[in-house]
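In case you want the letters, here they are:
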Amino acid sequence: MNENLHPDPRLERHLLGETPDHLAKSTRKALEDPQAQARLAELQQSNEAILAALPPDRMAEAIRRRASERPARQRGWMPGLAFAGLALGVSLAVFHLLGSPSTQDSIAKSGPGPDTARTTVHDSGRTESIATAPDSTNVPDPSRSGRTSTAHAAATDTAQTIDTASWEVAMVDDDILLKGASHRLAIHRIATSSTEAVRLSDLDSARSGDLLQVGTLAGPKRYVAILSLDGNGQVTRHLPETGDSGLRVDSKLQAPHSYRLDDAPRFERFVLVESRRAFEIAPVEGLLKKAGAHGLLTARGLRIESILLHKQP
Amino acid sequence: MGEREEGSALDVEALYRKYGPMVLRRCRWMLRDESWARDAMQDVFVQLLKREDSMSVDHPSSLLHRIATNVCLNLLRSRSRHPEDRDDELLMRIASCEDDSSRFEAANFLDRIFGREKESTRTIAVMHLLDGYTLEEVAKETGLSVSGVRKRLRTLKSRVRELEALP
Chain A
188 MNENLHPDPR LERHLLGETP DHLAKSTRKA LEDPQAQARL AELQQSNEAI LAALPPDRMA
248 EAIRRRASER PARQRGWMPG LAFAGLALGV SLAVFHLLGS PSTQDSIAKS GPGPDTARTT
308 VHDSGRTESI ATAPDSTNVP DPSRSGRTST AHAAATDTAQ TIDTASWEVA MVDDDILLKG
368 ASHRLAIHRI ATSSTEAVRL SDLDSARSGD LLQVGTLAGP KRYVAILSLD GNGQVTRHLP
428 ETGDSGLRVD SKLQAPHSYR LDDAPRFERF VLVESRRAFE IAPVEGLLKK AGAHGLLTAR
488 GLRIESILLH KQP
Chain B
69 MGEREEGSAL DVEALYRKYG PMVLRRCRWM LRDESWARDA MQDVFVQLLK REDSMSVDHP
129 SSLLHRIATN VCLNLLRSRS RHPEDRDDEL LMRIASCEDD SSRFEAANFL DRIFGREKES
189 TRTIAVMHLL DGYTLEEVAK ETGLSVSGVR KRLRTLKSRV RELEALP
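These protein sequence lines map, in sequence, to chains A and B.
Add 187 to the 1-based position in the first sequence for our numbering, that's all there is to it.
Add 68 to the 1-based position in the second sequence for our numbering, that's all there is to it.
Keep in mind the hints are simulated off the structure, nothing from the lab.
None of the values given here were measured: they were computed from a predicted structure.
The reader is advised that the hints may include incorrect statements.
Said to hold, decoys possible - Straight-line alpha carbon distances no greater than 30 Å define the calculated BS3-like cross-link-like pairs of lysine-lysine that follow:
(1) B:118 <-> A:477
(2) A:216 <-> B:225
(3) B:225 <-> A:212
(4) B:208 <-> A:212
(5) B:219 <-> A:216
(6) B:208 <-> B:219
(7) B:208 <-> B:118
(8) A:477 <-> A:498
(9) A:408 <-> A:476
(10) A:476 <-> A:498
(11) A:439 <-> A:476
(12) B:225 <-> B:208
(13) A:498 <-> B:86
(14) B:219 <-> A:212
(15) B:118 <-> B:86
(16) A:498 <-> A:439
(17) A:212 <-> B:86
(18) B:208 <-> B:86
(19) A:408 <-> A:439
(20) A:216 <-> B:86
(21) A:216 <-> B:208
(22) A:477 <-> A:408
Said to hold, decoys possible - Residues from chain A that keep clear of chain B, each with C-beta distances beyond 10 Å, as calculated:
(23) 222
(24) 395
(25) 396
(26) 397
(27) 483
For glycine and all other residues, C-beta sits at the position ideal for the given N, C-alpha and C.
Sequences and hints are given; from them, build the entire structure.
What follows is the structure in structure tokens.
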């Protein structure tokens, strides 16, 4: 089915048996079109394909999870003295999260210069700028080794120093600072037989051995980091691969190495963390480990987008 | 998890099973991006869940269709991209319009008192210009009067030339 073809709402509703009286006449007219029966058959096939690719139980779970995130965000806007104590707690948590002022300053001043290399590429006739994270010779190559074990060890050590009690307070509120356009997490599977890449969506399937390219779509000037958690509880840093803080970017960004999935079971959850201010990555790693495959991931001052891939044996 | 939550969880699955494909097709057509479309589809159902009275309506497909249109227009407004064809270009122009719904809030005061949602003017424009609904059909779908629909659409005239012939 051509998804760019306008799905006539009259046919959609006819198929569902929900044609209201006021649309009965124009629906009859639409059904007289010689193409109408073929379109209805296509819609039925499309229904089956969508429900097979995105099963109702999994989607219902994702929708419920998303719905449960909303009230927490709204509570953060409630005014009044009753929230003064909470605000103080949140501020302390943000201090933990964003690091000391000296850390923020040093990262903000450094800008994209030392953190990123910029290359120009041609894509579909258009020229655009892509920022690529630095390719350090000290960084283990996950495309060859499968995992950045050095990064794991460092991350685990740092995460143990975080006051997780403060994090619970921080999770009451969410992305107040973030309005308007933002970066988007982009995971592409690279076909081994060609240079073709297929963009993966939340709840898609993946297999051990799949080669993935991890990055972001173009967005505004922000600090970002991309991490993933696998079914063994291992966290991998994709962007930046080294360093303690989110990377400052203002355009598309791709991890310097492609990433080959290992045989960790059940899932691989990728998260894009974005903020207007510099932030430390280690606390986010701790949060991701606690959240697992399906847990909520929210923290004041951060926007966190998640793509969960189901691992097939 | 309480009983109430468990009950509504079953509803989500049933709702998605019946209406999810229609909503996803709508989002795919408007957004032209699979990842955005799946995201938007989930948001549509989240918004539906927030409206406790939503399932008392006769035709949930109508409500879901309008919520999907509104969600996608908001996404298109916040994330610019190049239009792929004429319909897409028209969608992008409608999405970029200021929505003057607030101007009509006073007129719809009774609607608000009785809990009836005011419809986004941009959503009305998509229904008329792209879905091909007549003004009368749009009026019936949205619960507005025909003159109310016409008045709303006139506010977009300067940005959407397809509305110049509006009677």
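Tested hints:
1. The hinted pair formed by residue 118 of chain B and residue 477 of chain A meets the criterion: a straight-line CA distance of about 28 Å does not exceed 30 Å.
2. A distance of roughly 29 Å separates the Cα atoms of residue 216 of chain A and residue 225 of chain B; the hinted pair therefore holds under the 30 Å criterion.
3. The hinted pair formed by residue 225 of chain B and residue 212 of chain A meets the criterion: a straight-line CA distance of about 28 Å does not exceed 30 Å.
4. The straight-line distance between the Cα atoms of residue 208 of chain B and residue 212 of chain A is roughly 14 Å, inside the 30 Å bound, and the hint therefore holds.
5. Annotation: proposed proximity of residue 219 of chain B to residue 216 of chain A holds, straight-line Cα distance about 28 Å (limit 30 Å).
6. Distance hint between residue 208 of chain B and residue 219 of chain B is fulfilled; the C-alpha atoms sit about 15 Å from each other, no more than 30 Å.
7. Restraint check for residue 208 of chain B and residue 118 of chain B: satisfied, since their Cα atoms lie roughly 23 Å apart, inside the 30 Å limit.
8. At roughly 20 Å between alpha-carbon atoms, residue 477 of chain A and residue 498 of chain A fall within 30 Å of each other, so this suggested pair holds.
9. For the hint pairing residue 408 of chain A with residue 476 of chain A, the CA-to-CA distance comes to about 28 Å; that is within 30 Å, so the pair holds.
10. Of the pairs offered as hints, the one joining residue 476 of chain A and residue 498 of chain A holds, with about 18 Å between alpha carbons and a cut-off of 30 Å not exceeded.
11. For the proposed pair residue 439 of chain A and residue 476 of chain A, the alpha carbon gap of about 27 Å is at most 30 Å, so the pair holds.
12. The hinted pair formed by residue 225 of chain B and residue 208 of chain B meets the criterion: a straight-line CA distance of about 22 Å does not exceed 30 Å.
13. About 27 Å separates the Cα atoms of residue 498 of chain A and residue 86 of chain B, which keeps this hinted pair within 30 Å; it holds.
14. Of the supplied pair hints, the one linking residue 219 of chain B and residue 212 of chain A holds, its CA atoms being roughly 25 Å apart against a limit of 30 Å.
15. Between the alpha carbons of residue 118 of chain B and residue 86 of chain B the distance comes to roughly 19 Å, so the proposed pair stays at or under 30 Å and holds.
16. With a CA separation close to 27 Å, the supplied pair residue 498 of chain A and residue 439 of chain A stays within the 30 Å bound.
17. Among the hinted pairs, residue 212 of chain A with residue 86 of chain B is consistent with the structure: their alpha-carbon atoms are about 24 Å apart, no more than 30 Å.
18. The suggested pairing of residue 208 of chain B with residue 86 of chain B holds, with an alpha-carbon distance near 23 Å, which does not exceed 30 Å.
19. At most 30 Å may separate the alpha-carbon atoms for a hinted pair to count; residue 408 of chain A and residue 439 of chain A meet this at roughly 11 Å.
20. Taking the CA atoms of residue 216 of chain A and residue 86 of chain B, the gap is near 25 Å; set against the 30 Å cutoff, the hint holds.
21. Between residue 216 of chain A and residue 208 of chain B the CA atoms are separated by roughly 18 Å; this keeps the pair inside 30 Å, and the hint holds.
22. Simply put, residue 477 of chain A and residue 408 of chain A have alpha-carbon atoms about 29 Å apart, close enough for the 30 Å limit, and the pair holds.
23. Under the 10 Å C-beta cut-off, the non-interface status given to residue 222 of chain A relative to chain B holds; the minimum distance is some 15 Å.
24. With a closest Cβ-Cβ approach of about 23 Å to chain B, residue 395 of chain A is found to remain outside the 10 Å limit, as its non-interface label requires.
25. With a minimum CB-CB distance of about 23 Å to chain B, residue 396 of chain A clears the 10 Å threshold, and the non-interface call stands.
26. In this structure residue 397 of chain A is separated from chain B by more than 10 Å, as the shortest Cβ-Cβ distance comes to about 17 Å.
27. Its beta-carbon lying about 14 Å from the closest one in chain B, residue 483 of chain A satisfies the requirement of being farther than 10 Å from that chain.
Consistency with the previously given hints is maintained throughout, with no hint failing.
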